[in-house]
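Enquirer: Using the sequences provided together with the hints, build the complete structure.
For the protein sequence lines, the chains are C and S, in the order given.
For what it's worth, the numbering used here labels the leading residue of the first sequence as 76, then goes sequentially.
For what it's worth, the numbering used here labels the leading residue of the second sequence as 53, then goes sequentially.
Since the hints were derived computationally from the structure, they do not count as laboratory data.
What you are looking at is a predicted structure, and each value in this text was computed from that prediction instead of being measured.
A hint or two may mislead.
Quick list of the computed label-pair ranges, beta carbon to beta carbon [said to hold, decoys possible]: (1) S:GLN531 with C:SER122: 15 to 25 Å; (2) S:PRO323 with C:TRP139: 42 to 52 Å; (3) C:LEU361 with S:GLU150: 47 to 57 Å.
Heads up, the beta-carbon is just placed ideally off N, CA and C, and yes, glycines get one too.
Chain residues, written in single-letter form:
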Amino acid sequence: MQHGKYRFVVGFLTAPLALYAIFVVWPFIQSIFYSFTNWSGLSPEFSMVGIDNYTRLVEDDVFWKSLWHSVLFALLVPVVTIGLALFLAFMVNVGGRKRRGGPAITGVRGSSFYKIVYFFPQVLSIVIIALLFQFIYNPRSGVINALLAGIGVDAQPEWLGDPNLALWCVMAVVVWATVGFFVVLFSAGMASIPAELYEAALLDGASRVTTFFKVTLPLLWDTVQSGWVYIGILALGAESFAVVHIMTVGPGGPDYSTTVMVLYVYQKAFRDGQAAYATTIGVALLAVTLAFAALVMRLGRRERLEY
Amino acid sequence: MGSTSADAENNTSGAVNGVGRRDLIKRSAALGLAAVPATGFLSACASGGGDDSTDGPEKGSVTAKNPLGVKTNAPMEFVLFNGGFGKEYGEDAVKIYEKNFPQSKVKFSATLTIQSTLQPRFNGGTPPDLIDNSGREQMDMGVLVGQKQLADLTPLLDAPSYHDPSKKVRDTLRPGIVEMGQFDGDPVYIMYYAYTTYGVWYSQKALDELEVAYPETWDDMLAVCAKAKKKGIAGWTYPGQYPYYIPFSLYAMIGKVGGPDVLKAIDNLEPNAWKHPAVKACFEAYYELYRKGYILKGTPGLSHTQSQAAWAEGKALFIPNGSWVENESADVIPADFGVSIGAPSGLDSSDKMPFGTLWASGAEPFVVPAKAKNQAGGMEQLRIMLSEESSKNFTSKVKSLSALDGGTDGIELTPGLKSGVAALEKAGDNILNPRIQDWYVALQKEKIGTAGLGEMMAGRLTPAEAIKKIQGYADEAAQDDSIKHYKHT
Numbered sequence: 076m077q078h079g080k081y082r083f084v085v086g087f088l089t090a091p092l093a094l095y096a097i098f099v100v101w102p103f104i105q106s107i108f109y110s111f112t113n114w115s116g117l118s119p120e121f122s123m124v125g126i127d128n129y130t131r132l133v134e135d136d137v138f139w140k141s142l143w144h145s146v147l148f149a150l151l152v153p154v155v156t157i158g159l160a161l162f163l164a165f166m167v168n169v170g171g172r173k174r175r176g177g178p179a180i181t182g183v184r185g186s187s188f189y190k191i192v193y194f195f196p197q198v199l200s201i202v203i204i205a206l207l208f209q210f211i212y213n214p215r216s217g218v219i220n221a222l223l224a225g226i227g228v229d230a231q232p233e234w235l236g237d238p239n240l241a242l243w244c245v246m247a248v249v250v251w252a253t254v255g256f257f258v259v260l261f262s263a264g265m266a267s268i269p270a271e272l273y274e275a276a277l278l279d280g281a282s283r284v285t286t287f288f289k290v291t292l293p294l295l296w297d298t299v300q301s302g303w304v305y306i307g308i309l310a311l312g313a314e315s316f317a318v319v320h321i322m323t324v325g326p327g328g329p330d331y332s333t334t335v336m337v338l339y340v341y342q343k344a345f346r347d348g349q350a351a352y353a354t355t356i357g358v359a360l361l362a363v364t365l366a367f368a369a370l371v372m373r374l375g376r377r378e379r380l381e382y
Numbered sequence: 053m054g055s056t057s058a059d060a061e062n063n064t065s066g067a068v069n070g071v072g073r074r075d076l077i078k079r080s081a082a083l084g085l086a087a088v089p090a091t092g093f094l095s096a097c098a099s100g101g102g103d104d105s106t107d108g109p110e111k112g113s114v115t116a117k118n119p120l121g122v123k124t125n126a127p128m129e130f131v132l133f134n135g136g137f138g139k140e141y142g143e144d145a146v147k148i149y150e151k152n153f154p155q156s157k158v159k160f161s162a163t164l165t166i167q168s169t170l171q172p173r174f175n176g177g178t179p180p181d182l183i184d185n186s187g188r189e190q191m192d193m194g195v196l197v198g199q200k201q202l203a204d205l206t207p208l209l210d211a212p213s214y215h216d217p218s219k220k221v222r223d224t225l226r227p228g229i230v231e232m233g234q235f236d237g238d239p240v241y242i243m244y245y246a247y248t249t250y251g252v253w254y255s256q257k258a259l260d261e262l263e264v265a266y267p268e269t270w271d272d273m274l275a276v277c278a279k280a281k282k283k284g285i286a287g288w289t290y291p292g293q294y295p296y297y298i299p300f301s302l303y304a305m306i307g308k309v310g311g312p313d314v315l316k317a318i319d320n321l322e323p324n325a326w327k328h329p330a331v332k333a334c335f336e337a338y339y340e341l342y343r344k345g346y347i348l349k350g351t352p353g354l355s356h357t358q359s360q361a362a363w364a365e366g367k368a369l370f371i372p373n374g375s376w377v378e379n380e381s382a383d384v385i386p387a388d389f390g391v392s393i394g395a396p397s398g399l400d401s402s403d404k405m406p407f408g409t410l411w412a413s414g415a416e417p418f419v420v421p422a423k424a425k426n427q428a429g430g431m432e433q434l435r436i437m438l439s440e441e442s443s444k445n446f447t448s449k450v451k452s453l454s455a456l457d458g459g460t461d462g463i464e465l466t467p468g469l470k471s472g473v474a475a476l477e478k479a480g481d482n483i484l485n486p487r488i489q490d491w492y493v494a495l496q497k498e499k500i501g502t503a504g505l506g507e508m509m510a511g512r513l514t515p516a517e518a519i520k521k522i523q524g525y526a527d528e529a530a531q532d533d534s535i536k537h538y539k540h541t
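Expert: See below:
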């Protein structure tokens, strides 16, 4: 069978690689190509303009704002989401304390209920979530300001209407919408960690915090790392587009305080008829995404633990 | 971006535009982007093939019944925006077309997503024959015209009207409609089918309860707001999330105070157009609303429907809006509300235009693509829609006026429509028609609207700062050679 091995391997790889090349690599090459043209996106005619789009990009204030917001999304949303998800998953799976007659290692009381509740947002489309939160943030009749008034706070923030708050409001929605998925992901990872390790830690008198940092996190590192890349890409791409596009003033405002690169790509390509410039921004987005993935991989490199 | 249906077609068209393609290959080879044989395909993939149709638009013989010379058996395709006006009026008009041209196969479709549906077809060179290019996914008209993708509708305008053959179509339309369809010079590329009145919208009942009349000057406006405030009612609200609604009343006020030329200068992106004293005075007038606390609390965070709901509940007296508001918020507006439009209040007697001066202009832009196979059919369909019968059908079904002048006799009008018709009568020839929102969408919505006026009305910019910022944006747009510039004459 040895002589047929390569044919066998190639046979399996051809189809996925071809699909990848056609639907992933090819569009990348196309966008890079179009970024050197003046294609409007509304007619088949265009001509080459060299690096005009790139010089324009460097001078474009709105682009730099959107880049900064996208970088904030890529840095903050993963930290908060993953931190929160790790905490919740830990509490749900191993954070409980021994109850009479139960197993030594268990989640907090009612953890099976929480597991389901945390996953709820994942069932809703991000569009619906964004619309719901638009109502929640409504400064006049929204839940938040009603609660604030209810507990006697005079301040009635304008949330999405306030340039200092809008970006945080939008990020909070992305965190809310994605954290449930990571709770489930990390729960699955934690379930595969042998209970003996926890029992040993427990016998040694380790607190919950110590157990988390010394046992759970190191053994879960691979999952955390891939989860990190995944949410980072979500935060740079689809999720941030949906929430910003649907919820914010303008969209992208007030005064460009929430615009992100994906939104800017969309506006240039589909509102302003400047598809070539949009692909230029897309190329910049590609660079940011690659840099993010490389950074996470680099920082996350650790010795693999066998157990 | 994705592959389009033009790929297959492109293989056959290679011979026709071989030169262009070879050029392209040379250039991209120089860029070292892709292998030579792949490049021809590359250029075709997302942007479609070149224009290689040798068969021009199909034509039939011209008769009195068929003044545009529609080829009676040619298929016709019509894509309608299925938005606030629904699709019924389009279907009804198609039925008439089918009756008149029984041999023609008509394909009618209605969609919310004009751009996603039609952009690939423009790129592929196979657009439909008539498009209602409207809604959130409207394709940029300036770009379409600039890229020569639209047909000149002059034959339609010069054809006899459907219901009164003694008149040309162009003579049956409301003021400004033809002019709005022009971009550079004479050709008319867009036929706006609906007619929108913009201004300050209010409840007649609310004003009656306050025992005030609609204010004709800004001092009166402030007095009305002060009186309302004492009763716990805010003077104004606006869609804070879409601050480009503010111009719907502000621009007409600028035009009333300083005359139409101020607005034309703004449309033409002239240097210092925004520094005109009339602009400054009107900005300051609006800023007073914020300073005196006459704006409904929380307004900067409200969407259009949320602000309209607050207005319909009587929380605020006035809202800058267009005549679609009556239909859009129909389910929250109480029956005895008395929806009314007010022409913008002026400053004082030194205003250049009399009270009643109104911003009214076309909406629902219909276009016939330059590469449509059956252009005459598309125009004939429009001619049918501009008949008195179809226009009345439209007005009674969707509560909006149409581009046809008059055409409201004998149908029952809603309060908002009735006040719109009255406002148009009062305005007479004093109709303003700012074009900036059609010509420079990004500038109008995102820069002037959101980053300028929105910030000012939320109290984060003073009028002087807002004017400086907006003038800066306008100058940028004037110098930006990636956008096409137009002239309002």
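Enquirer: Would you mind marking each hint as holding or not holding in the structure?
Expert: Tested hints:
| no. | hint | result |
| --- | --- | --- |
| 1 | S:GLN531 with C:SER122: 15 to 25 Å | holds, 21 Å |
| 2 | S:PRO323 with C:TRP139: 42 to 52 Å | violated, 26 Å |
| 3 | C:LEU361 with S:GLU150: 47 to 57 Å | holds, 50 Å |
The structure does not agree with numbered hint 2 stated previously, though it agrees with all others.
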